[in-house]
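Chains as they are written, first to last, in this note's numbering: chain A, 282 to 389; chain B, 32 to 556; chain C, 628 to 739.
It is worth saying that the hints were derived from the structure and are not from the lab.
No residue lacks a Cβ here, since even glycine has one placed at the ideal position from N, Cα and C.
Incomplete in silico selection of chain B near chain C, CB under 7 Å:
#, residue
1, Thr115
2, Ile117
3, Gly118
4, Glu132
5, Ile133
6, Met151
7, Thr153
8, Thr158
9, Gln286
10, Leu287
11, Met290
12, Gln304
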Amino acid sequence: MSERIKEHPVLGVQEKGELVKFTFDGKEIEGYEGEPIAAALKAAGVMVHRYTQKEHKPRGIFCAIGRCTDCVMVVNGEPNVRTCITPLAAGMDVRTQYGVSDQPFDEQ
Amino acid sequence: MKRYDLIIVGAGPSGLSAGIEAAKRGLKVVIFDENEKPGGQLFKQIHKFFGSKEHRAKVRGFVIGQQLLDEADEAGVEVVLNATVIGLYQDKEVVVKRGGEIEHFKGNAIIIATGAAENMVTFPGWTLPGVIGAGAAQTMMNLHGVLPGKKVLMLGSGNVGLVVSFQLEQCGCEVVALVDAAPRVGGYGVHAAKVARTGVPFYLSHTIVKAEGEECVTGVTIAEVDSKFQFIPGTEKHFDVDTICLAVGLSPMSQLLKMAGCKMEDNPKRGGQVPICDEYGRTSLPGVFVAGDVSGIEEASSAMIEGRMAGIAAAEYLGYIEKKDLDTELAALDLALDGLRQGMFAPKNRGKAIEQTEEGIAISENLLLHGYVADEEIERFPGVTRRSGVHPVIECTQNIPCNPCQDACRKGCISIGANITSLPIAVEGADCINCGMCVASCSGQAIFLVDEDCGDGTATVTLPYEFLPLPVEGTKGKGLGRDGKVICDAEVVSVKSLKAFDKTSLLTMRVPKEYAMKARFFKAV
Amino acid sequence: MNSVNDRSRDIGPFVPGPDDDMLICRCEEITKGEIRKAVHDGMWTLTEIRRYLRTGMGLCQGQTCSRLVKGIVARELGVSPAELEPATSRVPMRPIEMKIFANEAPDEREDG
Numbered sequence: 282m283s284e285r286i287k288e289h290p291v292l293g294v295q296e297k298g299e300l301v302k303f304t305f306d307g308k309e310i311e312g313y314e315g316e317p318i319a320a321a322l323k324a325a326g327v328m329v330h331r332y333t334q335k336e337h338k339p340r341g342i343f344c345a346i347g348r349c350t351d352c353v354m355v356v357n358g359e360p361n362v363r364t365c366i367t368p369l370a371a372g373m374d375v376r377t378q379y380g381v382s383d384q385p386f387d388e389q
Numbered sequence: 032m033k034r035y036d037l038i039i040v041g042a043g044p045s046g047l048s049a050g051i052e053a054a055k056r057g058l059k060v061v062i063f064d065e066n067e068k069p070g071g072q073l074f075k076q077i078h079k080f081f082g083s084k085e086h087r088a089k090v091r092g093f094v095i096g097q098q099l100l101d102e103a104d105e106a107g108v109e110v111v112l113n114a115t116v117i118g119l120y121q122d123k124e125v126v127v128k129r130g131g132e133i134e135h136f137k138g139n140a141i142i143i144a145t146g147a148a149e150n151m152v153t154f155p156g157w158t159l160p161g162v163i164g165a166g167a168a169q170t171m172m173n174l175h176g177v178l179p180g181k182k183v184l185m186l187g188s189g190n191v192g193l194v195v196s197f198q199l200e201q202c203g204c205e206v207v208a209l210v211d212a213a214p215r216v217g218g219y220g221v222h223a224a225k226v227a228r229t230g231v232p233f234y235l236s237h238t239i240v241k242a243e244g245e246e247c248v249t250g251v252t253i254a255e256v257d258s259k260f261q262f263i264p265g266t267e268k269h270f271d272v273d274t275i276c277l278a279v280g281l282s283p284m285s286q287l288l289k290m291a292g293c294k295m296e297d298n299p300k301r302g303g304q305v306p307i308c309d310e311y312g313r314t315s316l317p318g319v320f321v322a323g324d325v326s327g328i329e330e331a332s333s334a335m336i337e338g339r340m341a342g343i344a345a346a347e348y349l350g351y352i353e354k355k356d357l358d359t360e361l362a363a364l365d366l367a368l369d370g371l372r373q374g375m376f377a378p379k380n381r382g383k384a385i386e387q388t389e390e391g392i393a394i395s396e397n398l399l400l401h402g403y404v405a406d407e408e409i410e411r412f413p414g415v416t417r418r419s420g421v422h423p424v425i426e427c428t429q430n431i432p433c434n435p436c437q438d439a440c441r442k443g444c445i446s447i448g449a450n451i452t453s454l455p456i457a458v459e460g461a462d463c464i465n466c467g468m469c470v471a472s473c474s475g476q477a478i479f480l481v482d483e484d485c486g487d488g489t490a491t492v493t494l495p496y497e498f499l500p501l502p503v504e505g506t507k508g509k510g511l512g513r514d515g516k517v518i519c520d521a522e523v524v525s526v527k528s529l530k531a532f533d534k535t536s537l538l539t540m541r542v543p544k545e546y547a548m549k550a551r552f553f554k555a556v
Numbered sequence: 628m629n630s631v632n633d634r635s636r637d638i639g640p641f642v643p644g645p646d647d648d649m650l651i652c653r654c655e656e657i658t659k660g661e662i663r664k665a666v667h668d669g670m671w672t673l674t675e676i677r678r679y680l681r682t683g684m685g686l687c688q689g690q691t692c693s694r695l696v697k698g699i700v701a702r703e704l705g706v707s708p709a710e711l712e713p714a715t716s717r718v719p720m721r722p723i724e725m726k727i728f729a730n731e732a733p734d735e736r737e738d739g
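This is chain A alone, in the form it adopts within the complex (with noise of 0.2 Å):
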């Protein structure tokens, strides 16, 4: 979690949900509920959230507000889920997502 601001000059300690328990690509990794799950994975070092259709480039989070949707993966096996915008919930399953799958591309 040294990605995360313990204390802020200006805003203090930031209130926050629950520490819960997810997956991100089947590997267990915690973050607070209600928080985006765009921060949680920030937090915990992930920045490649995608891989385009055409070209497979990786894409992560750009405008963070849910308008640009580069920070879309799989939660849940729904695909294009706007992970910046989208409340994180114990136990949720959240996957790269490769094109518009969480199969990667030459399983497809």
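Model the placement of chains B and C on the given structure of chain A, informed by the hints.
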């Protein structure tokens, strides 16, 4: 289909302000906002706002946001969140996506206050994870408490680029460079100065050649550009970074208005595609009004006043108030708005290269090229005087509408006068009691308390400090000049954090006396 | 006739540029070169470019690339971006799933 007197799209500063004014006059108001939280960009602004008391100067953005929400609640405004307005029709019907459903609403009047979206700039590697908008950095840091990265390069020297760079540093990120293709810093000099004195180098007339990395950003190359914005060979500079922040301007999000059939124009001075409207927000469609950035990119302070105007104009349109009351109220708000639209950065002065202040003093060239006022330029300005004993040194060198410093001093040491864009003057003969209120009240963090000669070969400098960890008394370190370079040894004499200072701590450091007018920041070793 | 849309104007041949492989539409992965070539294929308005290439038709619905595409097309046509009509704005303003778009909230929940 549910009907409201007034439907407002967007619960940012202008939308909320409009809702408050309309509801206070008896209208049934609803505000739809697509986000999870209201307040638009306000809750991401942790710095103190400029202007005067009526413009809520000295108050931090997120505090203003909460004040607006409380006022809206009190006035009975219905704010509906997670509600995306996906369509606006000519007959003032609004289509909203909420949850998994579509709902239709009719408004007798509509105010569009949808704000603006960030511009893009392209370069090889711009789609790599790690390239983010400046707004994204703010959202991550200030709303979610997560660091966007550890080493950042900021592209853009407008107010957004400058303010976000400082905010990144406040969270513990290292801003390795602040870059802009333009030849001069675009935002307020005081914002640039507070970034420069922490050691961030400014590279004007430079832009990004490419972002490097396979899976995400690992480095970036910049180079100097000529007057035609072509790269000059041999001027490349490389930085190891994990994040590149883009702060290259905003464009109004005016598509709803276009959809509804409002007359639009492409106005570069207002930021792009904007509705044609009068000064009170009336568009070419009767009953449809606009307020805030969607009608022209400015500041949150102007957005709030425009919102209030549109709310009152909507009330008159629907017959809730008389035209003569409308005229009186709008005239007063017009005056307040006009007060903000003065000075060097006024919309009317956009694009002009201003060489002198209103007082006839030459603007600091160094500030515009490198982000800080040079030692030999600083004493030109009326806020900077030399005298014995502790006295305020006000390094405010450009005309911007702002005057909290004048009100902060009970002893009359600082004077601006009726024209709030005037440069602050350090008043001769005034009795400074070293209370520190001026240092804490300056939204630009441009005021210092200096005792030029303590009698033992040293001087003390008190500066505004908004970083963690707070150093303790006795900490030895270095004094940095306005350019952010180490210039002398320094020792912390005291660190004061009073409630009245509102999270701006006052750090007093002792430096060799020849650096009294040079040392402006402290770094522990 | 509006000179921008006067198709008898000669805008010259397509000249390859050094940054033609720069991605412009992030969602549909369309490059600057493809947009420039489309202009020379006869697509002179932003609505035509959008239908021809799908710029602005991806997941973000043009939120990110619109202004960039406008600038590129304008430069290719030799006009200022301000002279180009933006692509037609239509409902929905934001990306929306078909099943939601078709899901009208029941009337009895709303007041008359």
